[in-house]
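Using the sequences provided together with the hints, build the complete structure.
Listed below, chain by chain, are the residues.
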Amino acid sequence: MATYAPPIPVVSTDRAEREPSGWTSWITTTDHKRIGIMYMVATFVFFCLGGVEALLMRLQLGVPNNTLVTPTVYNQLFTMHGTTMIFLFVVPFFAGLANYFVPLMIGARDMAFPRLNALSLWLLIAGGIVFYASIFFNPPEAGWTSYPPLSSTLFTPSGGQDAWIYLIHLTGLSSILGAINFYATIANMRARGMGWGRLPLFIWALLTYSVLIIFAMPVIAGAVTLLLTDRHFGTHFFDQANGGSPLLWQHLFWFFGHPEVYIMILPGFGVVSEILPVFARKPIFGYRAIAAATVAIAFLGFLTWAHHMFTSPIPEAILVFVMLSSYFIAVPTGVKILNWIATLWRGTIEFTTPLLFCVGFIALFVIGGISGIFLATFPVDWQLKETYYLVAHLHFVLVGGSVMTIFAAIYYWFPKVTGRMLSEGLGRLSFALIFVGILTTFLIQHVIGLDGMPRRVYEYDNVGNLALYNLISTVGSFILGAGVVATIVNVARSLKVGVIAGPDPWKANTLEWFTTSPPPVNNFDVIPLVRSVEPMKDIRREIERRSGAAHAAGGATVPSGATQVGV
Amino acid sequence: MGHAIPSTLAFFTPPTGHSPNASEIDSLYKIILVIAVVVFVAVWGGLLYALVKFRKRRGAVPAQIRGNTRLEVAWTVGAALILIALAVITFVKLPAIQNPPNSSANGDRLAARNVLLASTERKLPPNGKALNITVVGRQYIWQYVYPGASEPDGLGAPYSYEEMVVPTNTTVTLDVVASDVVHEWWIPELSGKVQAVPGYHSYTWFKVDQPGVYRGQCSFLCGRGHARMIATVRAVAPAQFDEWLANQKRQISEANAEAQKARAKLSKQTGAGQVENP
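Top to bottom, those sequences are chains A and B.
Everything in the first sequence is counted per this note's numbering, starting at 8 for the first residue and increasing by one.
Everything in the second sequence is counted per this note's numbering, starting at 72 for the first residue and increasing by one.
There's no promise every hint is true.
[Said to hold, decoys possible] Not close to chain A: a few residues of chain B, all C-beta gaps over 10 Å, as computed:
id: 1; residue: V207
id: 2; residue: A228
id: 3; residue: P282
id: 4; residue: A317
id: 5; residue: R321
id: 6; residue: S324
[Stated by the list, open to error] No more than 20 Å apart at the CA atoms, straight line, and that leaves these computed lysine to any residue pairs for SDA-like:
id: 7; chain 1: B; residue 1: K101; chain 2: A; residue 2: L450
id: 8; chain 1: A; residue 1: K544; chain 2: B; residue 2: P133
id: 9; chain 1: B; residue 1: K127; chain 2: A; residue 2: P512
id: 10; chain 1: B; residue 1: K127; chain 2: A; residue 2: E431
id: 11; chain 1: A; residue 1: K514; chain 2: B; residue 2: K320
id: 12; chain 1: B; residue 1: K164; chain 2: A; residue 2: E323
id: 13; chain 1: B; residue 1: K194; chain 2: B; residue 2: Y271
id: 14; chain 1: B; residue 1: K124; chain 2: A; residue 2: V327
id: 15; chain 1: B; residue 1: K124; chain 2: B; residue 2: A113
id: 16; chain 1: B; residue 1: K194; chain 2: A; residue 2: P322
id: 17; chain 1: B; residue 1: K101; chain 2: B; residue 2: F111
id: 18; chain 1: B; residue 1: K320; chain 2: B; residue 2: A308
id: 19; chain 1: A; residue 1: K544; chain 2: B; residue 2: R137
id: 20; chain 1: A; residue 1: K544; chain 2: B; residue 2: G138
id: 21; chain 1: A; residue 1: K514; chain 2: B; residue 2: Y271
id: 22; chain 1: B; residue 1: K127; chain 2: A; residue 2: W352
id: 23; chain 1: B; residue 1: K194; chain 2: A; residue 2: K514
id: 24; chain 1: B; residue 1: K127; chain 2: A; residue 2: F358
id: 25; chain 1: A; residue 1: K544; chain 2: B; residue 2: I136
id: 26; chain 1: B; residue 1: K127; chain 2: A; residue 2: L450
id: 27; chain 1: B; residue 1: K124; chain 2: A; residue 2: R353
Calculated from the structure, these hints are not laboratory results.
Even for Gly, the Cβ is constructed at its ideal location relative to N, Cα and C.
Structural data, given as structure tokens:
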């Protein structure tokens with residue numbers, strides 16, 4: 008009877024490599040997951056600040072001729088609100104999500120350029136701090152669009168405008184560096200077998216988001232540099248009295264500004280394309296069509312900028328061209344919506360909170376898409392532009408669109424990031440409040456605009472039903488705010504008492520669920536071979552096959568980072 | 072219930088126009104609204120049906136469908152067709168929105184004498200005659216300069232602030248400019264917006280069908296007083312308008328004469344800064 012000697016451990020290092028901890032480890036980290044978490048936490052703080060600004064504005068407009076805030080403060084509020092939500096929340100929140108999940112979803116161990124990644128984060132935070140420091144001096148007040156001559160030193164001498172320019176420079180550079188990093192990572196570091204046709208749709212969306220940022224952001228960076236030199240170094244790029252042109256700003260700004268819209272919504276589309284198949288227990292309907300529509304939207308997004316300028320003195324040929332290109336962009340967008348509904352069709356839908364947010368997104372985004380058609384029709388836009396109708400439209404696509412998908416992403420991926428589940432009860436409550444809040448706040452704003460109320464006014468006269476409609480909108484905004492608070496409470500509670508999630512609580516399709524929750528520093532011990540667009544489905548099937556019927560009947564769970572699944 | 076649908080549609084419709092272009096935009100808006108409601112009901116209906124019908128039930132097996140090329144091509148083409156139809160409707164409506172008609176026979180005589188020069192941007196009535204008013208946007212008041220200059224280079228023309236007075240049934244063309252920052256001219260019941268951009272001219276027009284006061288305001292952020300940059304158009308009978316314009320012109324020239332006298336008196340005085348108390 009042969010006996011085996013117990014194996015003798017071989018000591019190869021004199022100290023154990025421990026995971027770094029303490030606050031300095033967060034500041035010095037180049038781990039894409041920690042950077043991603045910091046991105047998301049920081050941008051969510053900015054989201055809350057922007058939300059408070061929005062609520063202050065709604066309070067001011069709750070009754071006609073209100074005197075709660077002065078005209079100056081009101082102008083500062085909407086400038087801060089718009090700039091914060093766009094440059095400090097939606098775009099960088101998706102960057103944070105991308106940071107965390109791009110390497111995990113493509114089976115990589117980090118981003119292509121980890122230190123560049125840390126630089127992106129700190130540039131963003133520096134931009135936010137510089138911008139918000141201005142509230143202790145003079146905040147900017149020329150709107151997030153900052154049209155000259157209003158934003159010139161003659162009409163806005165305060166340094167707040169310069170803080171705004173600085174914010175655009177810093178966050179823009181942050182976005183560009185981040186985008187280059189995402190592109191390089193996705194192009195070069197995919198798991199074996201993950202061809203372009205097996206890329207998760209969220210990754211397709213982020214790839215397109217990155218390309219859009221790389222093309223669009225330098226334009227706004229150039230434009231604000233021209234504004235800066237106009238303001239402080241005596242140039243006259245936008246000064247009509249000295250051979251410059253205020254229209255030049257409009258073209259440059261919107262050449263960036265319209266792709267920016269898609270920068271803010273395409274990653275959200277990607278989130279929905281990931282979540283719906285998981286909870287319908289069905290593959291995505293028309294993978295190729297959705298990926299192609301993403302790219303088509305990005306391309307057309309560069310041809311529609313002048314639809315923000317339908318009332319500016321520009322030739323009619325451009326109006327016609329831009330109307331048609333804006334119509335055309337509705338086709339791939341509509342195709343996506345139909346594909347999502349078809350994904351739900353004949354599935355077995357589980358109404359988890361992430362799914363609710365995705366479905367709510369479809370419902371609300373459709374309204375924003377339809378009002379977009381009115382606005383794209385330029386003669387109709389002549390009536391609707393710069394009114395509360397436009398405000399309603401852009402909030403349906405940005406709050407009903409981007410913010411809903413961000414909340415879907417939070418509920419879907421929180422278990423992966425923290426290892427704990429969020430509470431479903433609070434999640435449902437949050438969803439209900441946000442959904443009802445958005446409808447109450449913004450649906451009525453279409454009517455407010457049709458009744459002749461322009462945007463960016465700090466007061467209005469009590470003509471017609473404007474007082475009632477504005478009050479409804481204000482009440483709605485607080486319902487929406489309560490919904491956001493419910494999620495914040497949920498996150499704070501679940502960090503401590505949430506149910507332990509395990510590696511794959513949703514039985515999802517993509518590779519991030521292959522590793523533990525939260526993932527280890529190196530993400531994966533072994534990176535599986537990818538054989539389809541749903542690698543986790545293949546892995547689960549493989550485990551069932553290998554572990555036999557008995558094990559499968561007991562409900563096979565996926566081992567984390569499972570080395571034994573050497574697929 | 073039968074009443075609910077039209078009244079909901081009316082709720083989401085702009086107020087009735089009082090100028091042909093505003094009315095045409097209004098009717099174009101309503102056509103799009105009908106199509107929009109159909110699309111909205113179809114998508115929300117499909118979504119709600121799917122959510123109710125295909126919710127998870129005991130024993131239900133999800134169909135593993137990955138797509139359906141024929142269906143996908145069909146709805147892509149369908150969406151494109153709806154939009155092409157909308158574009159066609161817009162182009163059919165466009166001339167009536169953009170091109171001003173001639174003044175009516177009962178319109179103002181001043182307009183009938185006032186022959187204007189057309190350009191690619193500036194649309195004129197077929198007979199080339201309209202009452203042309205220059206609209207000047209400045210922080211935070213609108214100025215209107217009417218025809219009737221008494222001196223060369225358009226000097227001495229009558230003007231007014233905030234309230235524009237126009238004759239009914241007369242084609243009024245507007246030449247919109249700005250003297251400081253970007254403003255936007257908008258009277259919802261009379262026509263769409265045009266932006267007043269420093270250094271540029273924007274053009275629009277209206278032809279008011281009945282007397283009344285039409286309210287609007289600057290619709291593009293122009294600074295702290297933006298919300299109070301009100302514009303009104305008071306449409307009166309042509310005879311009344313002529314009377315008003317003559318009166319306005321007389322008052323302005325009288326005021327100018329007074330100012331001239333005061334200035335002459337000042338220049339005669341010796342010593343700087345001394346102003347006689349009247």
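Looking at the structure, which of the earlier hints fail to hold?
Hints 11, 14, 21, 23, 26 are the ones this structure does not satisfy, whereas the remaining hints hold.
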